[in-house]
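A.B. asks: First to last, the protein sequences are chains H and B.
Its first residue numbered 0, the first sequence is counted upward by one per residue in numbering that gives the first Met the number 0.
Its first residue numbered 0, the second sequence is counted upward by one per residue in numbering that gives the first Met the number 0.
Hint data in this document are derived by calculation from the structure and do not stem from the laboratory.
For every residue, glycine included, the Cβ atom is placed at its ideal position computed from N, Cα and C.
Keep in mind that the hints are not guaranteed to be accurate.
[Unchecked claim] Computed footprint of chain B on chain H, listed as stretches where at least three residues anywhere in the stretch have a Cβ under 8 Å from a Cβ of chain B:
1) 11-24
2) 35-48
3) 163-170
[Unchecked claim] Derived list of chain B stretches under chain H, where covered just means 3 residues or more per stretch with a C-beta under 8 Å from a C-beta of chain H:
4) 302-310
5) 313-321
6) 345-355
7) 380-387
[Said to hold, decoys possible] A short list of chain H residues far from chain B (calculated; beta carbon distances all over 10 Å):
8) L85
9) T153
10) A177
11) D231
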Amino acid sequence: MWEYTDKVQDHFINPRNVGEIENADGVGNVGSIACGDALRLTIRVDANQVITDAKFKTFGCASAIASSSMLTEMLKGMKLEDAKKLTNDDIAKALGGLPKEKMHCSVMGREALEAAIANYTGAILPMAQGEVVCECFGVTDLEIIRAIRENSLTSVEDITNFTKAGGGCGKCEDKLRALLAETVAGEAGHPPSVVKKKRMTSLEKIKKIEEVIEREIKPTLKKDGGDIQLVDVDGDFVTVSLRGACANCHSSRTTLKEYVEKKLREQVLESLVVEEDK
Amino acid sequence: MTVLSEQVIYMDNNATTRIAPEALDAMMPYLTRFYGNPSSMHTFGGQVGRAINQAREEAANLIGADPSEIVFTSCGTESDSTAILSAIQTNPEKNHLVTTRVEHPAVKNLCDNLEIFTGRKYHVTRLPVASDGTLDLQRFKDSLTDDTAIASVMWANNETGVLFPVEEMARIARERGILFHTDAVQAVGKIPINLKETAIDFLSFSGHKLHAPKGIGVLYVRKGTPYIPFMNGGHQEHGRRGGTENAASIIGLGRACTLAAEMMTEENTRVRALRDKLEHGLLNTIPKSLLNGHPSQRLPNTANISFEYVEGEAILLHMNQVNICASSGSACTSGSLEPSHVLRAMGVPFTAAHGSIRFSLSIYNTEQEVDFVLATLPDIIAKLRALSPFWEDK
Chain H
0 MWEYTDKVQD HFINPRNVGE IENADGVGNV GSIACGDALR LTIRVDANQV
50 ITDAKFKTFG CASAIASSSM LTEMLKGMKL EDAKKLTNDD IAKALGGLPK
100 EKMHCSVMGR EALEAAIANY TGAILPMAQG EVVCECFGVT DLEIIRAIRE
150 NSLTSVEDIT NFTKAGGGCG KCEDKLRALL AETVAGEAGH PPSVVKKKRM
200 TSLEKIKKIE EVIEREIKPT LKKDGGDIQL VDVDGDFVTV SLRGACANCH
250 SSRTTLKEYV EKKLREQVLE SLVVEEDK
Chain B
0 MTVLSEQVIY MDNNATTRIA PEALDAMMPY LTRFYGNPSS MHTFGGQVGR
50 AINQAREEAA NLIGADPSEI VFTSCGTESD STAILSAIQT NPEKNHLVTT
100 RVEHPAVKNL CDNLEIFTGR KYHVTRLPVA SDGTLDLQRF KDSLTDDTAI
150 ASVMWANNET GVLFPVEEMA RIARERGILF HTDAVQAVGK IPINLKETAI
200 DFLSFSGHKL HAPKGIGVLY VRKGTPYIPF MNGGHQEHGR RGGTENAASI
250 IGLGRACTLA AEMMTEENTR VRALRDKLEH GLLNTIPKSL LNGHPSQRLP
300 NTANISFEYV EGEAILLHMN QVNICASSGS ACTSGSLEPS HVLRAMGVPF
350 TAAHGSIRFS LSIYNTEQEV DFVLATLPDI IAKLRALSPF WEDK
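Please work from the sequences and hints to get the whole structure.
C.D. replies: Spelled out as structure tokens, the structure:
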């Protein structure tokens with residue numbers, strides 16, 4: 000049973016602004032029946048660039064319907080400029096929050112809004128130009144990167160909750176992990192510079208590596224049924240052994256380089272090289 | 000918010016059932032006055048052991064087994080794990096398992112993990128099903144090899160109620176010298192079963208699906224079947240399952256088994272008639288609704304119906320508003336982002352899979368309840384379809 004707020008339940012049971020505006024100024028269609036949810040948003044925009052009316056039709060679960068209903072309520076009377084700045088988090092907050100597994104419903108609302116505005120202005124949707132990463136749900140890298148940035152996502156599971164990417168066959172998980180690592184590294188600027196300044200003793204280095212593995216890397220791998228053990232640290236060479244699901248995973252090499260090494264380089268020392276104990 | 004049992008229309012009996020008042024009555028003394036350990040030497044404990052053995056007889060009678068073939072476990076899942084892990088341990092030279100694509104997670108995930116976590120020492124054949132959810136016997140026959148340690152096929156599917164020809168399959172497996180297990184959690188108590196006349200080696204069932212409490216299960220192990228315990232410990236259950244017996248629940252289960260045997264005719268006549276009334280009523284009054292699963296080769300209590308162009312969770316929550324309890328195979332309710340693996344294996348189109356609702360009845364349901372659902376559901380579906388961007392185009 001999902002824990003929905005009273006607001007979500009209210010907007011689900013008594014949805015506002017259901018329907019379609021005839022000859023709408025902007026139409027946004029996102030999702031599909033195969034994906035399990037879809038939203039058609041229509042908006043009316045007046046000469047002063049203010050959204051005077053918004054209506055929706057949604058196929059989906061309670062939170063998808065509630066997110067759509069809330070979005071139309073928020074849009075009415077809003078300046079187009081302000082509507083462009085609306086994020087999925089704004090929608091979720093207006094509903095008093097959504098279960099984390101349902102955050103993608105608020106993302107769908109925001110994407111429909113963007114599509115409707117693009118339809119009105121005649122612009123090309125920037126997000127659709129990205130490269131499709133998750134083929135099951137047709138999610139592009141640009142959408143994923145934005146979700147990571149705007150919502151400070153920290154795991155592949157988070158990405159799935161927010162964008163649905165990775166929620167189908169799971170083949171894109173390594174790509175998601177790489178995107179996450181890249182985006183997080185990019186967001187942080189150059190954090191390693193702080194670490195680099197002071198020369199670490201070998202003992203400090205080993206302790207730090209151990210700590211990052213225990214605190215961050217291990218829990219992430221465990222979510223996927225994997226595990227990791229630190230075997231040895233020799234200079235800048237870190238030897239680990241991958242266990243559990245990781246041990247037989249085709250992409251363990253990618254995990255090692257794209258995730259483990261990257262994480263350790265970011266947080267401990269940029270010159271570290273991680274290898275697997277075979 | 001609290002909802003009491005007398006306020007709900009409970010049509011989710013494949014998920015769990017209410018405890019039969021008779022079963023609870025039988026249990027109560029063993030939760031209060033008779034707290035002795037059945038293994039003790041004194042009469043105070045020993046009398047609990049006698050009550051457990053009576054329950055063992057009652058459980059055996061329901062499935063046509065000998066009491067010595069009954070092992071009490073904590074749940075259906077434990078029974079499944081015990082049977083399959085025992086079979087692969089007693090056949091160390093074999094590395095192949097046969098199962099289906101529509102098993103309950105108790106078997107499905109065990110088989111998946113056996114493949115993954117043993118470094119692919121084991122490989123698993125997962126038999127496909129037809130669009131009506133039925134299995135092909137020839138395909139089963141062809142899947143068995145000299146390396147097959149065990150075949151595990153559910154007796155009845157939990158989502159659709161579709162029955163599989165496990166008796167025939169067990170015979171085929173026996174001819175090849177292969178052990179056969181069936182997860183009969185949904186079948187026991189709903190259809191007559193007589194294991195003496197079959198070649199089934201292991202059968203799992205669970206108390207809470209037949210009006211006994213949660214936390215008690217049974218594994219039937221045919222006499223003479225090689226066996227290695229899953230739960231190691233004391234000599235309980237003749238060394239086949241360590242751990243002090245869950246005495247009260249075992250006694251409740253025994254009573255529930257006897258009741259199920261007494262109610263078997265009612266289950267297959269009155270409950271079936273209620274299910275049919277519900278099913279035909281919904282299919283006839285709601286356009287674009289369809290039955291998932293074979294129309295007749297099915298449990299008497301289960302109806303899985305898809306309402307196209309609407310989403311299952313939304314339907315369930317509207318039903319919840321009027322205190323009707325059921326389940327859905329939609330993505331949003333499964334906690335994943337894809338509809339149930341059973342409906343996908345059957346090739347149910349996405350338009351229908353996302354809008355599937357499972358109604359599962361019991362002897363406690365009444366005709367008034369069915370009438371109420373029939374009167375309520377068309378409006379719920381119509382309301383949701385009015386919201387659906389795909390509906391107007393139809």
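A.B. asks: Next step is simple, just say for each hint if it's right about the structure.
C.D. replies: Status of the hints after comparison with the structure:
{"no.": "1", "hint": "11-24", "in the structure": "holds (count 4)"}
{"no.": "2", "hint": "35-48", "in the structure": "holds (count 5)"}
{"no.": "3", "hint": "163-170", "in the structure": "holds (count 3)"}
{"no.": "4", "hint": "302-310", "in the structure": "holds (count 3)"}
{"no.": "5", "hint": "313-321", "in the structure": "holds (count 4)"}
{"no.": "6", "hint": "345-355", "in the structure": "holds (count 3)"}
{"no.": "7", "hint": "380-387", "in the structure": "holds (count 3)"}
{"no.": "8", "hint": "L85", "in the structure": "holds (21 Å)"}
{"no.": "9", "hint": "T153", "in the structure": "holds (20 Å)"}
{"no.": "10", "hint": "A177", "in the structure": "holds (21 Å)"}
{"no.": "11", "hint": "D231", "in the structure": "holds (24 Å)"}
When each numbered hint is compared with the structure, no violation occurs for any of them.
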